[in-house]
Amino acid sequence: MRGYVALRRRADFARVARQGRRRTAKHLTCLVAAGPESTRVGLTVSAQVGSAVVRNLVRRRLRAILDTYAFATRLAHDIVFIARPGAGEMSFAELRAEVERTFGPPP
RNA sequence: GGAGUACGCCGGGUCACCGCAGGCAAGCGUUGCCUGAGGAAAGUCCGGGCUUCACGGGGCAAGGUGCAGGAUAACGUCCUGUCGGGGCGACUCGAAGGAAAGUGCCACAGAAACAAACCGCGUCGCUGCGGUCUCGGCCGCAGCGGCGUAAGGGUGAAAUCGUGAGGUAAGAGCUCACGGCGGUCCGCGGAGACGCGGUCGCGGGUAAACCCCACCUGAAGCAAGAUCGCUCGAUGACCGCGUUCGCGCGGCGGCCGGCCCGGCCGAACGAGCAACAUCGCACCGAGCCGUCCGGUAACGGGCGGCCCAGAUGGAUGGUGACCCCCGCGUUCGCGCGGGACAGAAUCCGGCUUACAGGCGCGCUCCGCCU
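Count along the first sequence from 1, add 259, and you get the number used in this note's numbering.
Careful, some of the hints might be misleading.
[What the hints assert, rightly or not] Beta-carbon label-pair distances, calculated as ranges:
#1 Q278 to G363: 14 to 22 Å
#2 E359 to A265: 20 to 28 Å
#3 S310 to E353: 27 to 35 Å
Hint data in this document are derived by calculation from the structure and do not stem from the laboratory.
Note that this is a predicted model, so its numbers are computed, not measured.
All C-beta atoms in this analysis are idealised placements derived from N, C-alpha and C, irrespective of residue type, glycine included.
Work the whole structure out from these sequences, hints included.
Put into structure tokens, the structure is as follows:
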């Protein structure tokens with residue numbers, strides 16, 4: 260059971276992009292904004308990152324990393340991670356390090 | 001054994017921990033079980049199923065296809081053949097109808113690129129000069145003009161035949177012998193494309209140039225579309241003349257999503273909204289597997305078995321270990337790096353393109369052994 264709900268609506272993504280606090284690493288950007296109730300997380304992996312196979316790999320690795328975070332203990336936030344070009348060339352450990360750098364270490 | 005060629009297929013495996021989606025059971029927000037990417041899921045180039053709209057007909061336009069027969073739901077696909085090109089061969093490649101319907105084009109070179117004639121060859125007439133002489137003429141040369149000819153001439157991808165002989169003023173497929181390409185007509189064979197033989201003595205090439213001929217094509221697409229909801233608009237129906245009050249004629253407007261002819265209508269409700277939910281849509285299909293039969297084959301039929309992803313910010317995974325394969329290094333213990341192309345979105349049949357490594361089976365050529 261994941262500790263967060265998926266962010267789905269296009270309007271929510273746009274709101275987080277406008278209002279959210281932004282922290283950027285070499286291949287990853289993290290945006291955090293206040294949310295309505297429970298914590299919601301969205302992932303954006305555009306075609307700039309690579310082919311469909313590479314995009315799937317990056318998205319699945321990000322989900323696996325975020326599974327280790329216990330969002331339920333935190334306040335209600337809407338969080339969006341945006342993969343940047345080159346994210347597909349990183350190893351799993353490197354990607355996890357970028358998540359910790361932009362969002363913070365797991366509790 | 002080497003080289004080649006055709007067809008079919010695989011395209012990492014096991015375990016552990018942590019997760020996701022769908023389904024079925026319990027059960028009530030927990031647990032168990034099952035299933036979960038490809039041969040190309042890709043490019044979106046064809047063909048269909050399905051959906052909505054349109055649908056009386058004729059013609060034109062536009063687009064597509066183009067050897068024959070067959071297969072198929074259909075196709076621009078596939079199979080078997082034919083013809084032509086390539087290869088010693090197995091085999092392979094080909095938008096492969098029509099150039100005696102018309103038009104256009106044929107670069108450079110060349111006289112000339114399609115029907116004529118620049119040089120040449122021959123002949124006739126006139127003029128001039130020379131020779132001879134029986135003083136009429138005859139012969140030779142040159143120039144001009146007419147006619148005949150396409151042998152010879154350099155070019156070019158291509159100038160309609162090649163060799164030899166006859167023939168002629170000179171020549172010519174003009175005639176003959178042998179040979180050669182396309183076509184006409186006839187005969188034979190074949191279901192047909194076409195093949196073989198004879199005949200005529202007719203032909204520049206180019207149609208992925210226009211074009212002609214034959215055949216095919218209603219439009220848009222699953223963000224199609226259906227259901228549920230809300231809001232808004234139109235809300236009494238064009239004009240004139242005639243009328244036996246049914247309607248008729250003319251105009252205007254709309255429709256028959258290209259245009260014309262021709263036809264129909266003048267009130268059928270129409271438009272917008274923003275997401276979401278359910279359906280479409282995911283167990284029953286041009287379905288998959290096995291087997292037998294028919295067929296050269298594509299394929300068809302019978303019998304038995306199976307149910308096989310279904311998301312919608314988009315599941316099908318992440319990490320680690322071991323094994324397998326490849327490369328490099330190696331002190332032969334192992335160490336390091338890597339694992340092709342690529343990720344379903346309405347579903348099928350094809351085509352095209354990408355692809356590390358590997359497997360099976362048939363055939364051909366060469367070499368060696370027996």
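To see whether the hints hold, each was checked on the structure:
One distance hint, 14 to 22 Å for the beta-carbon pair Q278 and G363, holds here, with the actual separation near 19 Å. With their beta carbons about 21 Å apart, E359 and A265 fall inside the hinted range of 20 to 28 Å. Checked against the hint of 27 to 35 Å, the C-beta distance between S310 and E353 comes to roughly 20 Å, which is inconsistent with it.
Hint compliance for this structure: hint 3 is the single one not met.
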